[in-house]
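Since the structure of chain A is provided, determine the placement of chains B and C on it from the hints.
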Amino acid sequence: MRVVLEARPRPSHVAIWTAPLVATLATLCVGFVVFEAFGKNPLAAFDAFFVAPIANLYGIAELLLKASPLMLIATGLAIGYRANVWNIGAEGQLTLGAITGGTLALVFGDAWPAAALLPAMFIAGAVGGMLWAAIPAFLRTRFNANEILTSLMLVYVATLFLSWLVHGPLRDPQGYNFPQSKLFGDNAMLPILLPQTRLNASFALALAIVGVAWLFVRRHIVGFEMRVAGLSAGAATYAGISWRRTIWLGMLAGGACAGLAGVGEAAGPIGQLLPSMSPGYGFAAIIVAFVGRLHPLGIALASLLMSLLYLGGESAQVNLALPSAVTGLFQGTLLFFLLAADVLVNYRPRMVASAS
Amino acid sequence: METFAQIVVLTLAAGTPLVLAALGELVVEKSGVLNLGVEGMMLVGAIASFIVAAKTNAPWLGVAVGALAGALLSQIFAVIVLSLRANQVATGLALSLFGIGLSAFIGRPFMSVVIEGIKPLAIPGLSTLPVAGKLVFSHNPLVYLSIGLFLVVQWFLYKTRSGLVLRAVGESPQSANAVGYPVIAIRYAAVLFGGACAGLAGAFLAVAYTPSWVEGMTAGRGWIALALVVFASWKPWRVMVGAYLFGSVTLAQFQAQAAGVAVPSQLLAMLPYVATIVVLAIISRDATMIRLNAPASLGKPYHPE
Amino acid sequence: MADSSSPAPRLSLRGITKRYPGVLANDGIDLDVAPGEIHAVLGENGAGKSTLMKIIYGIVRPDAGVIRWEGEVVHVANAAHARKLGIGMVFQHFSLFETLSVADNIRLALDRGNTRRLAKRIREMSARYGLALEPRRRVHTMSVGERQRVEIVRCLLSQPQLLIMDEPTSVLTPQAVSHLFGTLRRLASEGVSILYISHKLDEIRALCTHATVLRAGRVSGECDPRGESTASLARMMIGGDLPHPVHRAAHPGTPALRVESLDVRADDPFGTTLRAISFDVREGEIFGIAGVSGNGQRELLAALSGERTLARDDAVRLGGTPVGAADAKRRRALGLAFIPEDRLGRGAVPEMTLADNALLTTRNAATLARGWIRARGVRAFTEQTIHAYDVKASGPLAPARSLSGGNLQKFIVGREIGQHPKVLIAAQPTWGVDVGATAQIRQALIDLRDRRVAVLVVSEELDELFEICDRLAVLFHGRLSPAKPIRETSAEEVGLLMAGATPAHAAPRVLVDQQ
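Protein chains in written order, with the working numbering: chain A, 1 to 356; chain B, 1001 to 1305; chain C, 2001 to 2515.
For reference, chain A alone in the conformation it holds in the complex (with noise of 0.2 Å):
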């Protein structure tokens, strides 16, 4: 007897919507095996990871924090996958749009008020994302160039650039000679939603951008063109779709997502400009939009997940003597067991007995 597997005439809705939480359910349960092989009590640790972090409103409030830059990324870089645009340097965009929209605050953040500085400084931060992304789509459009590593090698250039920033022309002169820049003023910081919580604006912005992205794709018939593209390149060649606008948009969505993202972390928690803007939203938005299926909902609950994740790495941390890499880790589980369970999506296991 072996297991075969057989192609689905159609693929299954069950399996698809399925397929996350079976994954979630095996990362658990890898999380048991390693909290027991370092010795620690798995309810103990299930506890400290997963509830304590949001068994008050304090820790909804940081949930809720941590999710709006991953749902706006993953909603940026989930247009780009469905085209098949593969945008894997949102880190680096990032960094690029808190780069800039934390440049105009510096500058200008005694002249203009907070009504006109805090949107200046989103359209800057999108700007300097999509400035990142171009370069990519640049390069794959006119040199052929594979995206994947062109927008990687540039999250490595943005980050030693924002380090020499910092380190540099940027550089707090009363900070000690920290690498850091002055902080922002009041009138560059985002409104606080919920009193005595650290939860801004930048959630609201993110709900919005997901609702206008989920409108585009399903009912314009660009969106409709660069899910075409995604599934079949033949046939949008066919229908006439340019392959180089779905490269330059698939790319500048996530860029703009990415650039506003990083104004949300620049002026939102951080309230400065660090030499690290981030603790990896970028690459872990990457799976966000995989496990949450590249579709709003699914990416709404899957920065959920992730963002929980987060919480209970930093909690195990202090709570558990786990190393905070935990997190990384769990991230990574997740994907490979999310990409395993897809399988079941277009293929059913069969038993058949074999051939003697």
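Keep in mind that a hint or two might mislead.
Cβ-Cβ distance ranges computed for the label pairs, FRET-style [said to hold, decoys possible]:
{"hint": "1", "chain 1": "B", "residue 1": "LEU1061", "chain 2": "A", "residue 2": "ALA233", "range": "43 to 51 Å"}
{"hint": "2", "chain 1": "A", "residue 1": "ILE60", "chain 2": "B", "residue 2": "TYR1144", "range": "56 to 64 Å"}
{"hint": "3", "chain 1": "A", "residue 1": "MET351", "chain 2": "C", "residue 2": "VAL2246", "range": "50 to 58 Å"}
{"hint": "4", "chain 1": "A", "residue 1": "ILE60", "chain 2": "B", "residue 2": "VAL1113", "range": "34 to 42 Å"}
{"hint": "5", "chain 1": "B", "residue 1": "ILE1184", "chain 2": "C", "residue 2": "ASP2342", "range": "20 to 28 Å"}
{"hint": "6", "chain 1": "C", "residue 1": "THR2183", "chain 2": "B", "residue 2": "TYR1144", "range": "52 to 60 Å"}
{"hint": "7", "chain 1": "B", "residue 1": "LEU1061", "chain 2": "A", "residue 2": "THR18", "range": "40 to 48 Å"}
{"hint": "8", "chain 1": "C", "residue 1": "HIS2075", "chain 2": "B", "residue 2": "PRO1301", "range": "25 to 33 Å"}
{"hint": "9", "chain 1": "B", "residue 1": "PRO1301", "chain 2": "C", "residue 2": "ALA2077", "range": "19 to 27 Å"}
Mimicking BS3-like on lysine-lysine, the simulated pairs with C-alpha atoms at most 30 Å apart in a straight line are [said to hold, decoys possible]:
{"hint": "10", "chain 1": "C", "residue 1": "LYS2422", "chain 2": "C", "residue 2": "LYS2392"}
{"hint": "11", "chain 1": "C", "residue 1": "LYS2120", "chain 2": "B", "residue 2": "LYS1159"}
{"hint": "12", "chain 1": "C", "residue 1": "LYS2200", "chain 2": "C", "residue 2": "LYS2392"}
{"hint": "13", "chain 1": "C", "residue 1": "LYS2422", "chain 2": "C", "residue 2": "LYS2329"}
{"hint": "14", "chain 1": "C", "residue 1": "LYS2084", "chain 2": "B", "residue 2": "LYS1159"}
{"hint": "15", "chain 1": "C", "residue 1": "LYS2329", "chain 2": "C", "residue 2": "LYS2392"}
{"hint": "16", "chain 1": "B", "residue 1": "LYS1300", "chain 2": "C", "residue 2": "LYS2329"}
{"hint": "17", "chain 1": "B", "residue 1": "LYS1055", "chain 2": "A", "residue 2": "LYS40"}
{"hint": "18", "chain 1": "B", "residue 1": "LYS1300", "chain 2": "B", "residue 2": "LYS1235"}
{"hint": "19", "chain 1": "C", "residue 1": "LYS2084", "chain 2": "C", "residue 2": "LYS2120"}
{"hint": "20", "chain 1": "C", "residue 1": "LYS2484", "chain 2": "C", "residue 2": "LYS2200"}
{"hint": "21", "chain 1": "B", "residue 1": "LYS1300", "chain 2": "B", "residue 2": "LYS1159"}
Partial chain B-side listing against chain C, Cβ under 7 Å, derived [claimed, not checked]:
{"hint": "22", "residue": "ALA1168"}
{"hint": "23", "residue": "GLU1171"}
{"hint": "24", "residue": "SER1172"}
{"hint": "25", "residue": "SER1175"}
{"hint": "26", "residue": "ALA1178"}
{"hint": "27", "residue": "VAL1179"}
{"hint": "28", "residue": "GLY1180"}
{"hint": "29", "residue": "THR1288"}
{"hint": "30", "residue": "LEU1292"}
These are computed hints drawn from the structure, not numbers from a lab.
Here a beta-carbon is modelled for each residue, glycine too, at the ideal position from N, C-alpha and C.
Quick look at chains B and C alone, frame taken from chain A:
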């Protein structure tokens, strides 16, 4: 002349992790599979080899375990992509992210551990010869290994029947299946080899090049190795050329910093990454050459029947 | 069934059954093949012939049934095992490696021990059967006819006792077909059994001594085709008479599509460069372009449809307007519609629903409002098309890949005709399509012509072109022959042009080597 020889030695050493990782990935891609998880496998190889070397004081054992770790990790990718028919790009990215996370997680306690490592050769009499001594006899043993690997890969791909079969599988898995070859099994083997090479590359970094463990110590070399395979038009000798070119760029950056050049260190550090981008753009431009040299089925899903 | 006076069957199948999701490809099939027999397996597209051959060759495992080879029960584990038994197969879609040489391609198909002095043996074998080959050439430089020779020589070098030929003549000129038949007859006289898969009735009657007819996965008849007529074979194949489209006289008007001195450089190293192509298609006529695949059809169709834009704007004109530099969307807006040769992956996105696929080319006030999709309009159009063209599908939300080849093709034809075009281009409109749908599609093209639309049909099937076209030209090595009215030419003359000769000179025998 002495300085020249010194530069050659340093360049070869700097390029060796790229040689190892890129040659492995070249074989994988020749079979039609795109494994973007090289960075993750390298890091896991690095930490595994470091831990074993630190605990057993046997650095060569560490190297072997590093290669093994890379190979094992590659099989996770292989199962998901080859047997479960998942998207190769997404799974490769998952492998990298997983490897980065895993290596950071288990490497935490080893951050400031010091080990002896594998030192460059110092053969009495030979290594001290002027010029030739330095040029030929004073490389790190793993550098010689990497050159040996190049010879083996070159011979295997172009002079053996198995290598011909592998290339045929990468060209057209449907035809290879119709003629009767076990496409999936061959690809599993190729991915395993690529994983072992990536693990070996990571082990070289952690146990020989800079004996230490630092989170993310590969600094993107896995991704550069992927770009190198494209730059090399999937030809092993060009991988060597490219790897050593990159080695020299990395070296130039260090030398410039040491010499106190007036450019900020961060901007100098950008050099290898910018160079990768430029090289990719130049090479990819020639679509015809890519079409003729890239394995035709690269990255495409294969469904038997 | 073999009677006592004829030799014992070399190959004997009993009760072979194979099921795929949603379809029973083979249902209890019995088959006997004697030594030296040329045995046709006849059936229309989708009847199960290819599946049966793959089972015999070991690539596919049957769900039930027994295979006997030389009297002994065997389980053919894989292709290598089949070759060891003495079974060889020449595939319809060649299983060759383009960037490798002829010798390497053949080496891969032979057992390890069998590859000594391969180049010499290749030359000997190809000379013996008149299949000229140069072992060091790379396959991607070879024409389709030459590639088939590689496939055949590859089989012959393992000394098969049974040779399976799967639809071998779909890529050959008429002269090459008779040359192939000569080779096969020679092999049969040496005792080799041949299983000849085809749906071309005339060829089977000319070549084969035995025929097993498959319909919907079952054996629907056996006979000696030499004693049957095309009509009686057709009846066994489809259970009725071959439908013929109704043809009214053509009254062509002004040219709606003009192509003038079209030069297109192949941007693919494996492609064909087009040179100085000129022709026009008038309103109310069907213009056919014949030619063996690989002579520039892909490039020509891409240049006409707008999938590839041209340097010279006036190289292609639609109703007088130069469109050479215009893209596909613009040409569609000017009244062009196109049925591509690949249904899945070009004419339709396999994973998308029929409604979504309708939106690929249907852009009008009913389906779009300033860029926003009008779902109701799209759905209505899809339902109309399904209904009008008798497309068997579960509804507008059926995924394209769940339809059979014939039904999907009918949908695509219906969608394109539903654009009310002034010019319709159809590439291989009935390739891989069952007989019923074929007739419907050809009739739809003729009806369209009668509505004063200019129709261009590019096809490799001469029968099809002679059945529906009013004028015909031939594409060879990127050049187009002068167009002739269909009544003033013949299959033989067109066949010569397809092989690159002009009918005025050269005897047919020389031409075969020029392929």
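Margin query: Tell me the numbers of any earlier hints that the structure contravenes, in ascending order.
Written below: none
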